[in-house]
Amino acid sequence: MIELQHVSKDYATRHGDIRVLSDVSLRVNPGQKLGILGRNGAGKSTLVRLLGGAEQPTVGQVIRHMSVSWPLAFSAGFAGSLTGYDYLRFVCRVYNVPTEGKLKFVLDFSELGRYFYEPVQTYSAGMTARLAFAVSMAIDFDCYLIDEIVAVGDARFTERCDQELFGRRGHKAMVMVSHNAQFIQQHCDSAAVLHQGRLLHFDSVQHAYDAYHQILHSPVEQRSEA
Amino acid sequence: MQQASGSSLSSPLVAWWPGLRVQFRVIGALLLREVLTRYGRHNIGFLWLLVEPMLFTGLIAWAYSSARAAGVQTVIPIAAFAVTGYSCVMLWRNMPARCMGAVTPNRALLFHRPVKLLDVYFARIILEATGATMSFVALALLGIALGWMPWPQDLLAVCLAWMLLAWFGLSLGLLLGPLSERSKWVEKIWAPLSYLLFPLSGTFYLVSSLPPQAQEFVLLLPMVHAVEMLREGYFGHLFAARYSVVYLVSWNMALMLLGLSQVRLVARTGVRL
Chain A
1 MIELQHVSKD YATRHGDIRV LSDVSLRVNP GQKLGILGRN GAGKSTLVRL LGGAEQPTVG
61 QVIRHMSVSW PLAFSAGFAG SLTGYDYLRF VCRVYNVPTE GKLKFVLDFS ELGRYFYEPV
121 QTYSAGMTAR LAFAVSMAID FDCYLIDEIV AVGDARFTER CDQELFGRRG HKAMVMVSHN
181 AQFIQQHCDS AAVLHQGRLL HFDSVQHAYD AYHQILHSPV EQRSEA
Chain B
227 MQQASGSSLS SPLVAWWPGL RVQFRVIGAL LLREVLTRYG RHNIGFLWLL VEPMLFTGLI
287 AWAYSSARAA GVQTVIPIAA FAVTGYSCVM LWRNMPARCM GAVTPNRALL FHRPVKLLDV
347 YFARIILEAT GATMSFVALA LLGIALGWMP WPQDLLAVCL AWMLLAWFGL SLGLLLGPLS
407 ERSKWVEKIW APLSYLLFPL SGTFYLVSSL PPQAQEFVLL LPMVHAVEML REGYFGHLFA
467 ARYSVVYLVS WNMALMLLGL SQVRLVARTG VRL
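Protein chains in written order, with the numbering used here: chain A, 1 to 226; chain B, 227 to 499.
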């Protein structure tokens, strides 16, 4: 179980503090697939950082009784001069998992071949995405955070990602954050909408979808300052 | 919030142990990553860690020795004077330098829950301290082998002074690192300030060789105490060292407290972009 209790998050900007999330509460139970819809700048990534523990809330509490992944397919941890293998080793060390046991899986899944031992800066976008996803799948978590899975790689790779994530890990909890309503509808059993820093809960994915559509087609409002 | 909370924990150490183990593991992983990203796998690789400060100190020591050959007289063996002085600067100045701006390149790693901001700083500090220490030891051994430097009189005192100075550099790094994230001024001001502190910090002089008023002034600087202590350990009573361990330790503790609180603050509030 992960719970956010009345969480708010401020960021300092040049024009004073801005409240990016205000009074957000949510709960993720084991096995639950929660989708969070929101358009660009709604605070989705901030919410993911708080759920994952990369940042702390300004107000409120985050309670975690499940192990939570880093945002899936997240590749920003790659340093250009490091190889794919170095990255895997780093992640395995941090999570205390023997690298050898994961090597075959990551090599097979990423299909990088000998590039696995070359610096990441020589990779194409597709290769980077394959490595990021493969390493994400190498560590076992109770809950996976999925921040805006964009369709990288070819159809075959997308299909294998789906298989790995929603097939083999279908029993795990997942929090998916996206502006893509179809994706959320397809994979989630519950959904909420993030709008102007507030999280609106709905009793069904369909209702959340409808509300999100209304928001999408309403005129853009300026973010209010805290 | 933590998963590990045993039921019958007899002492605080037992309670901290699981957390400490995670922290050691994470710092180790960050260290290896840091070594690879900084020095890569080409040519001498991580040996640069040792060679970089060694080249700097070695060249200066060589220049000093040449000056003596040209007729400048000193009580203290000049090569040893230069090596002890410059190694100390490497130690206290490089740690803060590497801590400033350390968040940006490591930001993404904080998405891995076991990785904390403090670990990022520790990894960089340990790497710098290791490089400076290895360079000092290697240069001293080289100097001794070549007959340019004597063997230290009191090895334990040298080690102790070195550790106190490393503690000072660590604390300063933990303070300036997070402060540099809060304001861009910190890095800009530290650059000239450290340049100014460099000649004042005891590298070029023995405190006892200064006029009395100047002595009181430079003894306000905590680094001077460590350098004097280290040189006393190295040269014995060839000169009258002036230092106070209590003064240095007080500075270290104050800086460390401030530093740790700043690390905590930046870790909580996130970084101003």
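Hints are computed from structural coordinates only; laboratory data are not their basis.
Cβ coordinates follow ideal geometry from the N, Cα and C atoms, glycine included.
It is possible that some hints are incorrect.
[As the list claims (entries may be wrong)] Cβ-to-Cβ under 8 Å is the rule here; a few derived chain A residues that face chain B:
1. GLY52
2. LEU82
3. TYR85
4. VAL94
5. GLU100
[Unchecked claim] Cβ-Cβ distance ranges computed for the label pairs, FRET-style:
6. LEU239(B) x GLY41(A): 31 to 37 Å
7. ASN29(A) x PRO238(B): 16 to 22 Å
8. PRO30(A) x LEU486(B): 35 to 41 Å
9. SER67(A) x ALA241(B): 41 to 47 Å
10. ALA125(A) x LEU486(B): 56 to 62 Å
11. VAL475(B) x GLN163(A): 45 to 51 Å
12. THR263(B) x HIS15(A): 52 to 58 Å
13. HIS15(A) x ILE270(B): 36 to 42 Å
Here is how each hint holds up against the structure:
1. GLY52: Result: holds, 6 Å to nearest chain B Cβ.
2. LEU82: holds, 6 Å
3. TYR85: violated, 11 Å
4. VAL94: holds, 5 Å
5. GLU100: violated, 16 Å
6. LEU239(B) x GLY41(A): 31 to 37 Å: The hinted range 31 to 37 Å is violated for LEU239(B) and GLY41(A), with Cβ atoms some 47 Å apart.
7. ASN29(A) x PRO238(B): 16 to 22 Å: Hint violated: Cβ distance 34 Å, outside 16 to 22 Å.
8. PRO30(A) x LEU486(B): 35 to 41 Å: holds, 36 Å
9. SER67(A) x ALA241(B): 41 to 47 Å: violated, 21 Å
10. ALA125(A) x LEU486(B): 56 to 62 Å: violated, 40 Å
11. VAL475(B) x GLN163(A): 45 to 51 Å: With Cβ atoms ~60 Å apart, the hint is violated.
12. THR263(B) x HIS15(A): 52 to 58 Å: Between THR263(B) and HIS15(A), where Cβ atoms are some 35 Å apart, the hint is violated.
13. HIS15(A) x ILE270(B): 36 to 42 Å: violated, 49 Å
Figure legend: structure checked against the earlier numbered hints; hints not met, in rising order: 3, 5, 6, 7, 9, 10, 11, 12, 13.
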